[in-house]
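> Protein chains in written order, with the numbering used here: chain A, 3 to 180; chain B, 1387 to 1591.
Some hints could be false.
Quick list of in silico lysine-lysine cross-link-like pairs, BS3-like style, CA-CA up to 30 angstroms [to be verified]: (1) A:Lys28 / B:Lys1488; (2) A:Lys51 / B:Lys1485; (3) A:Lys127 / B:Lys1507; (4) A:Lys28 / B:Lys1507; (5) A:Lys95 / B:Lys1485; (6) A:Lys127 / B:Lys1488.
Simulated from the structure, these hints should not be mistaken for lab results. It should be emphasised that the depicted structure is a prediction, and the values quoted were computed from it without experimental measurement.
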Amino acid sequence: MNRLALFIPLALFFGLSLVLLLGLDKDPTELPSALVGEAFPPFNLPSLKDEQNVVTEQDFNGEVVLVNVWATWCFACRIEHPMLNKLSEQGVKIIGLNYKDQRAGALAWLVERGDPYQFNIFDAKGRLGIDLGVYGAPETYLVDADGIIRYRRVGVVDDRVWESEFRAIYEQITGTEQ
Amino acid sequence: MKLAILLLLSVFTFAASTEVIGSPEAIESPEAIERTEAIKGAEVVAFSDESLRPRYQQLLQELRCPKCQNQNLADSNSPISQDLRREIQRMLEEQMTDKQIKDYLKSRYSEFILYRPEVNKNTWLLWGSPVLVVLLGLLILLRHNRKPEPSAENEVPTAGNKVPTASNEVPTAIRGAGATDKEAPTNSSDQQRLAELLGDKENQQ
Chain A
3 MNRLALFIPL ALFFGLSLVL LLGLDKDPTE LPSALVGEAF PPFNLPSLKD
53 EQNVVTEQDF NGEVVLVNVW ATWCFACRIE HPMLNKLSEQ GVKIIGLNYK
103 DQRAGALAWL VERGDPYQFN IFDAKGRLGI DLGVYGAPET YLVDADGIIR
153 YRRVGVVDDR VWESEFRAIY EQITGTEQ
Chain B
1387 MKLAILLLLS VFTFAASTEV IGSPEAIESP EAIERTEAIK GAEVVAFSDE
1437 SLRPRYQQLL QELRCPKCQN QNLADSNSPI SQDLRREIQR MLEEQMTDKQ
1487 IKDYLKSRYS EFILYRPEVN KNTWLLWGSP VLVVLLGLLI LLRHNRKPEP
1537 SAENEVPTAG NKVPTASNEV PTAIRGAGAT DKEAPTNSSD QQRLAELLGD
1587 KENQQ
């Protein structure tokens, strides 16, 4: 019995090692989302293209959309942009949330790189960003026809992410095969 | 349980958490950078009522920056923290309670933002572990302290080694036993055993 007890520290060591080993695969910067399964927060903000035009969450209610948080100061958004163009060509509706950006620069970006967005919400102060729990850009939300957030991705959406994380849910809620 | 492991892990993985292409960037709009430059990290916060200030400071200590994960809102100078500080100030001015403010942020940034997590099924182990460790320590201490008393009787007195015995080749256990012999053996069975051991030794030689 006493001899077995001598192995307790060894067992503890292996237990801890295993836990730490599993932890290596985790991305600590990925936060659990509090908003998945909740309604998209209501907002009332100008659109990017027309300062006078006020857009709200009602403008995309009834449709399955991606809401993409982006800005011209966000480097990873440059990498992501071609993928958004591609998705848009495939018929995915994308709403842009231009986050803490400057209007002129953002408009120039869309001319230069193409405009995959149905329309853009211009959130200069980042208030909608706080309501969404945005802490970095890019972020992408999948919102269903009832205005419920079904999935959230912090970071770039590329082919791999679309296939592995978005596609199944997207097809399920739209009831289509892409 | 999950959270407890996560917290443990975050300490170890922090060193390795470098930014890679494709990971979300820190929020650094030109406007925000300008603002940071202008104030050089020292925000002057004006309250309509000075009694709000201690609560403001307390909240900043207890809330975590969602971007720079090992800093609280008071320490962090990232733009998202600046925004959240402004939001907290606004909510305090609107007479919201501390709990309401925390709930507001929790509903957006998840429980992650609370540096002092609530006790629930994910965190009971985290909260309970100090108590468990203290109890475990006490248990070990009690067991440890009780042990020497019974074992001291069985122990061979060291003084015995100095007492000259018949032969140097006699094993130490027996030499020890020989010493007790000189100090008045306790009972007859001990004496008998001693005789047997010495006898065996002699027979072998």
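> Against this structure, judge whether each hint is valid.
To see whether the hints hold, each was checked on the structure:
no.	hint	result
1	A:Lys28 / B:Lys1488	holds, 27 angstroms
2	A:Lys51 / B:Lys1485	violated, 39 angstroms
3	A:Lys127 / B:Lys1507	violated, 37 angstroms
4	A:Lys28 / B:Lys1507	holds, 22 angstroms
5	A:Lys95 / B:Lys1485	violated, 38 angstroms
6	A:Lys127 / B:Lys1488	holds, 21 angstroms
Checked against the numbered hints given earlier, this structure breaks hints 2, 3 and 5; the rest are met.
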